[in-house]
Amino acid sequence: MFERFFNYSNELMCIASLDGKFLHINDAFVDLLGYSREQLLARPFLDLVHPEDIEKTKLEMRHIGAGQNTVNFENRYRCADGSTKFISWKSTLDPESNLIFATARDISTEKLAINQYAQLYKMVTENIIFVKTDVKGVITEVNDMFCEISGYDRNELIGKTHKVVNSGVHSHDFFKSMWKTIRSGQVWKDAITNRRKDGSQYVVESIVAPMLDIDGKVEAYIALRQDITERIQYQQLSKKNLDILNETGEIAKVGGWELEIATGQLFWTDETFKILDVQKRNGAHPVLEEGLQLFTDEHKPIIDKAVNDASLNGTPYALELQAMTPKGKVKWVYTNGKANYRDGKIYSLSGTIQDIHEKKLAELRYKKERQRSIQSAKFAALGELAASVAHEINNPLGIISGYAELIKYQGRVDEQKLEAIMKSCDRIAHIVKNLKRFSRSDSSPTKTKVDLSEIVVDAISLTQPRATRHLADIDFFSDREFYVNGNHIELEQVVINLINNAVDAVAKKPLKQISLELIDTDSDIQLSVIDTGGGIDDGLKIRMFEPFVTTKTENNGTGLGLSVVRGIVEDHDAKIKVENTEQGAEFVIRFPKYIEGANHG
Amino acid sequence: MANLVYIDDEVYLTDIFHSLFKDTFHELHTFNDEYEAIEHCLSNPPDILFVDYRLKRMRGDEVAQRIPKDVHIILVTGDVQIDTDYQFDGVIAKPFKLVQLLHTVDGFTGH
Chain A
853 MFERFFNYSN ELMCIASLDG KFLHINDAFV DLLGYSREQL LARPFLDLVH
903 PEDIEKTKLE MRHIGAGQNT VNFENRYRCA DGSTKFISWK STLDPESNLI
953 FATARDISTE KLAINQYAQL YKMVTENIIF VKTDVKGVIT EVNDMFCEIS
1003 GYDRNELIGK THKVVNSGVH SHDFFKSMWK TIRSGQVWKD AITNRRKDGS
1053 QYVVESIVAP MLDIDGKVEA YIALRQDITE RIQYQQLSKK NLDILNETGE
1103 IAKVGGWELE IATGQLFWTD ETFKILDVQK RNGAHPVLEE GLQLFTDEHK
1153 PIIDKAVNDA SLNGTPYALE LQAMTPKGKV KWVYTNGKAN YRDGKIYSLS
1203 GTIQDIHEKK LAELRYKKER QRSIQSAKFA ALGELAASVA HEINNPLGII
1253 SGYAELIKYQ GRVDEQKLEA IMKSCDRIAH IVKNLKRFSR SDSSPTKTKV
1303 DLSEIVVDAI SLTQPRATRH LADIDFFSDR EFYVNGNHIE LEQVVINLIN
1353 NAVDAVAKKP LKQISLELID TDSDIQLSVI DTGGGIDDGL KIRMFEPFVT
1403 TKTENNGTGL GLSVVRGIVE DHDAKIKVEN TEQGAEFVIR FPKYIEGANH
1453 G
Chain B
164 MANLVYIDDE VYLTDIFHSL FKDTFHELHT FNDEYEAIEH CLSNPPDILF
214 VDYRLKRMRG DEVAQRIPKD VHIILVTGDV QIDTDYQFDG VIAKPFKLVQ
264 LLHTVDGFTG H
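Protein sequences, first through last, are from chains A and B.
Throughout the first sequence, residue numbering follows our numbering, covering 853 to 1453 in sequence.
Throughout the second sequence, residue numbering follows our numbering, covering 164 to 274 in sequence.
Chain B with its partners taken away, still in its complex shape:
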């Protein structure tokens, strides 16, 4: 069981994420607002953080820098090219396959 967080300003995408994982044993939090998400992650660090690149006010890498170091951070982006120095633990391109999300989680939880 892992603690998962997904931050995306697209409500439908967080809904898909939610639908996909709601029946698993993972603990699940999705956010459309990055500040709320950061606050949550600081008080309750997840195992894996999925984060969109272009959020309402911040970029995915800026969010990642404020998150505790031991959190695995996966960038989920629709951009074809990302200009950042931040080293994400993984990148998933939008539109993503659900199986990619599942595999990623499995990968970090050792399943």
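Next comes chain A alone, as it looks inside the complex:
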């Protein structure tokens, strides 16, 4: 019966000899160690003991041999599966048989838990500010780190409450709320400003957790803390810097910005928001696309390209652009940007933005003024030139036209050819007279009801020879009249100049087509001269109507043609503009319609 009890028991039991061999070993023990009973009985059990524990086991066996009972002796055994078990022994020497009667317990699991707890405890108390208090908040344990940060010795802290380090920064309610939380068994977390022994303050991120006893009642509190003083100071410093930056920006009207390439997020200073008239949203930053939308349609492609170049190639930029605020206001801004590198890669762009609206307007006004004064100086010079050459031209011209007339009256020659000579003389005379437009006093030539269609035909007949010489086609069709109030010769000169320019433009192109069109719109009469000459540079478009601006080489142009055209056009209350088409340029002149009986001045 004892034999059966011996084997059924969950306790580990064995009988061993003092020379170190198992004589009897129960099933539970056999199962734990994993060897067969025969193997266990065949060899000394010391073979199974962990090498580090052999000496103390031998010593313990000598104590047993001397009649001393063993209570809670612990050693480690190596099992068949290679694992190690902690075993706690209770053994006694049977004086009758001189054998060791032993019971034992596998305490491996408890041992591991205790060991892990100890490691954790060590880790926490060595690396995190650690305090333990009783339920009333009286400090019972502190670690070196707490002593170090607070400036107090351990004995100055133990037995006291946290009032020792109270900085007075926090309200009564703050602590009341903390106590309410931890008393109810919850964990409380927040940043606390405490005071050192020397009176200075430090900030800790605190976790206060209640420790519960077996009944679930709070028996102690543990507080873990981390010093975040530097972080807080850094944050305060950053904020201060940002405040100063914003203030500086506001005074200088310069905003700052940064673009994070990976996310497209934009960071703007307050002044940038102000300059662009964008409402600052708390916490939310604008993204790149929103930022780019804040420019006028005309300038958006420019900033798009600049930002793209900077992001991809690191090309810095500095631009004066028109921004379009969300309220639809157009504003001149100066903005620059440069790439910022990290590990050889561009990770962000940053730069400034400046409100230059007033400055820019003043500059544009100044430029315009200057242009105007240069222009009027040019006109004055031209006027003087005209006056001095007029006499020289008009005399020989008088001779040509005089003789032509005389020959015509004598009636013995081809009258048409003489007409052409006389008409040409008229034209030259008129141009010389027209040069006077540029000088101060001039009586404007009389205007009458004229047919633009007829004028175009006249102009084509005079320019056709030159166009043919350059293999250019002139194309015009009209079967009706287009009346405007104007001067026939002047308007003819306009058309001649435009056709001649078109001939020059198409001369070196494979396709040499010049088309003239007259359109009667509801509001005006439009004359278009369209060529296939490749078009006009944008930069030139603005200046091309000024005198002396020419793209032609020295002997081919005076640079006066288009300025004369504009002068005449404006004198006719008409407007001229030029656009590039797919293959060339299109000049469009819009004349007010001739109204019968109206005062055309």
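Misleading hints may appear alongside valid ones.
[As the list claims (entries may be wrong)] Some chain A residues flagged as far from chain B (calculated, every beta-carbon gap over 12 Å):
1) Gly917
2) Met975
3) Leu1097
4) Asn1160
5) Leu1171
6) Glu1236
7) Val1241
8) Ile1245
9) Asn1246
10) Ile1252
11) Gly1254
12) Ala1319
13) Asn1337
14) Gly1386
15) Leu1392
16) Lys1429
[Stated by the list, open to error] Simulated crosslink set (DMTMM-like; lysine to aspartate or glutamate; CA at most 20 Å straight-line):
17) A:Lys1260 x B:Asp210
18) B:Lys219 x A:Glu1271
19) A:Lys1260 x B:Glu225
20) B:Lys260 x A:Asp1278
21) B:Lys260 x A:Glu1244
22) B:Lys260 x A:Glu1267
23) A:Lys1301 x A:Glu1422
24) B:Lys260 x A:Glu1422
Rather than coming from a laboratory, the hints here were simulated on the basis of the structure.
Glycine residues also receive a C-beta, built at the ideal position from the N, C-alpha and C atoms.
Place chain B on chain A using the hints.
The following block gives chain B in isolation, referenced to the frame of chain A:
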């Protein structure tokens, strides 16, 4: 019938003038030298004097001032702007139409 004088340093222009009026009933004198012309006009005042502005040595208005007051003096000029205080009886711009000369003469002779 009127007595006409034209002073111009351009020989061809005086020739045109001459050709235009030679078959009319008008008495006709043309000069390329202003001094000769003035001398002629003082001894033989014309009805109408056509005078160029820029002559060899003098200006048209200077010539006009030396001519008897009752002569109608017409300035014939290629200049676009004349700076003078002299009040001419008419101005014809060069290049002139022959008809302008004829009309001017007609105008002063009452035709």
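Hint by hint, here is what the structure shows:
1. No Cβ of chain B approaches the Cβ of glycine 917 of chain A within 12 Å, the least distance being about 147 Å, so the stated non-interface status holds.
2. Distance check on methionine 975 of chain A: its Cβ is at least 105 Å (rounded) from any Cβ of chain B, clearing the 12 Å threshold; non-interface status holds.
3. Every CB of chain B is more than 12 Å from the CB of leucine 1097 of chain A (nearest about 66 Å), matching its label as outside the interface.
4. The claim that asparagine 1160 of chain A is not at the interface with chain B holds, since no C-beta of that chain comes within 12 Å of its own (minimum 57 Å).
5. Every CB of chain B is more than 12 Å from the CB of leucine 1171 of chain A (nearest about 48 Å), matching its label as outside the interface.
6. Once the 12 Å rule is applied to beta carbons, glutamate 1236 of chain A is inconsistent with being away from chain B; the minimum gap is 10 Å.
7. The Cβ of valine 1241 of chain A sits about 10 Å from the closest Cβ of chain B, inside the 12 Å cut-off, so the non-interface label is violated.
8. At the 12 Å boundary, the C-beta of isoleucine 1245 of chain A falls inside the reach of chain B, the nearest C-beta of that chain being 7 Å off.
9. Against chain B, the non-interface label of asparagine 1246 of chain A is violated: not every CB pair exceeds 12 Å, the least being about 3 Å.
10. With a closest Cβ-Cβ approach of about 7 Å to chain B, isoleucine 1252 of chain A is found to fall inside the 12 Å limit, against its non-interface label.
11. Separation of glycine 1254 of chain A from chain B is inadequate, the least Cβ-Cβ distance of about 4 Å not exceeding the 12 Å criterion.
12. With a cut of 12 Å on Cβ distances, alanine 1319 of chain A stays outside the contact zone with chain B, its closest approach being about 27 Å.
13. With a least CB separation of 24 Å from chain B, asparagine 1337 of chain A remains clear of the 12 Å interface cut-off, as annotated.
14. Its beta-carbon lying about 38 Å from the closest one in chain B, glycine 1386 of chain A satisfies the requirement of being farther than 12 Å from that chain.
15. Look at leucine 1392 of chain A: its CB is around 31 Å from the nearest CB on chain B, clear of 12 Å, so calling it non-interface holds up.
16. The claim that lysine 1429 of chain A lies off the interface holds: its Cβ sits roughly 31 Å from the closest Cβ of chain B, which is beyond the 12 Å cut-off.
17. Pair hint lysine 1260 of chain A plus aspartate 210 of chain B does not hold up; C-alpha atoms about 28 Å apart against a cutoff of 20 Å.
18. For the hint linking lysine 219 of chain B to glutamate 1271 of chain A, the alpha-carbon distance of about 32 Å lies beyond 20 Å, and the restraint is violated.
19. For a cut-off of 20 Å, the pair hint linking lysine 1260 of chain A to glutamate 225 of chain B is broken: about 35 Å separates their Cα positions.
20. A hinted pair counts as satisfied when its Cα atoms are at most 20 Å apart, and lysine 260 of chain B with aspartate 1278 of chain A qualifies at roughly 10 Å.
21. Distance restraint check for lysine 260 of chain B and glutamate 1244 of chain A: the Cα-Cα separation of roughly 18 Å lies within the 20 Å cut-off, and the hinted pair is therefore satisfied.
22. Straight-line distance between C-alpha atoms of lysine 260 of chain B and glutamate 1267 of chain A comes to about 16 Å, which keeps the hinted pair within the 20 Å bound.
23. For the given pair, lysine 1301 of chain A sits about 17 Å from glutamate 1422 of chain A by alpha-carbon distance, which is consistent with the 20 Å threshold.
24. Taken as a hint, the lysine 260 of chain B and glutamate 1422 of chain A pair is broken in the structure, with Cα atoms around 29 Å apart against an allowance of 20 Å.
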